[in-house]
Amino acid sequence: MDAKIMPRFYFHLQRGAESLQDEDGTELPHWEAAYLHAFESARELWSILLEERQDPTVLTLLVMDEDRQLLFTLPLVEVLEAAGRRREKPTLEAKAEASALLSKNRELRAYIVVQTQAVQEQLSHTLDLLSRLRDRGEPT
Amino acid sequence: MNTEISKRSDDIALVRGETRPGPINRWMQALRLEDLARLQPYLRKVAISRGQVLQEAQSPIRSVYFPLSGMVALMTVMRTGEMIDTAIIGSNGIIGSSIVDGSRNSFSQAVVHIPGEALRIESANFVSACRDIERLHGVVKRFESLLLIKTQQNAACHGLHDISARFARRILHAEDLVGSSTIDLTQDAVSQMLGVRRTSVSVVAQTLQQAGLIGYSRGHIRVLDRARLEQSACECYGVIRDEIKKALATFAYDPS
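Protein chains in written order, with the numbering used here: chain E, 1 to 140; chain B, 1 to 256.
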């Protein structure tokens, strides 16, 4: 077995104060895969919880990394939101997050413009030097 | 040489389950002793360990296994890697027997979920033994038709029955095969067999636990109330158990 060692993620299921602990965890290649796994688990849990006559809407998946640090939470109701059946107004937090992301984007774009200018200046300077060199090298 | 011979006769006693009590394969038990003696030189007792893939899907059948103990699941694997069980095999079954009718490749994957032992025979030897020993051929054909019944019932079960009923059924099958109310079955194994993610297994296990039917912790299942567990399992448990009994009864040991 020469498979690359993958990080382990833990998926706990929380209902209010009680939680169903994931003792063993699941090996997944990266964070994004853990998110996808959580989302698929949440989608699947809906049908199983309904079979068990339990209310899925009060449950949240907590995803931890190998050091048992919380990576993210996924309330089961978000499965419905992703399906577009339920669109709530963005919360203040989400708005703040979005505008922070937007201004960060603006900063980055401005930085790219400055960098591009610097590169162009450098390039024309190099071309200038090269042509001067060529002028000097030509036999008179 | 002498030790080799005595080891072989010990093995025969073991598979026949006669002079010495020990694990037996029910389909080998259906053979006459003289047939078994002819087969014996080709049989090798091997350990089967948890997670071991005895047979890859869509791959050549190299060996045929007669489990003596433990539990193996036949799995159908999708292109996405998703899988679900199609049959559970233990000492009441055979793995790779489809080679007898010329299937070079195995359709399904065979994975060990509870470790144990098996008698292994190279598939070429198995095929020629089936040609030479009429009763063995009959036994294997009967098992093959039983397997078709089991997979049909299982397909209907996956489509129609709740997860908790399907989980309960697998615990009952496992208890029968292991012969003990304590079953070491990992959550991964259960989730693969049922074709669901592990969190779903936790939810269902918790329900059965809260109802007092099983004790469950980290891959250890204890059957606490067999009668009620049977009630909460789907009818498929009884159907499959009875079909196995019927099939084996065809070959009830005939001392003549």
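In case anyone wonders, no lab produced these hints; they're calculated from the structure.
One should not assume that every hint holds.
Covered stretches of chain B, going by a simulated chain E footprint (3 or more residues, C-beta under 8 Å) [as the list claims (entries may be wrong)]:
id	region
1	153-167
2	194-203
3	206-219
Just so you know, these numbers come straight off a predicted model, no measurement behind them.
For each residue, glycine too, the CB sits at the ideal point set by N, CA and C.
To see whether the hints hold, each was checked on the structure:
1. Residue count for the region 153-167 of chain B with a Cβ under 8 Å from a Cβ of chain E: 3. That meets the three needed, and the coverage hint holds.
2. With a threshold of 8 Å between beta carbons, the proposed coverage of the region 194-203 of chain B by chain E holds, since 7 of its residues qualify and at least three are required.
3. Check result for the region 206-219 of chain B against chain E: holds, 4 residues qualifying (beta carbon to beta carbon below 8 Å, three or more required).
Violated hints are absent here; each numbered hint is respected by the structure.
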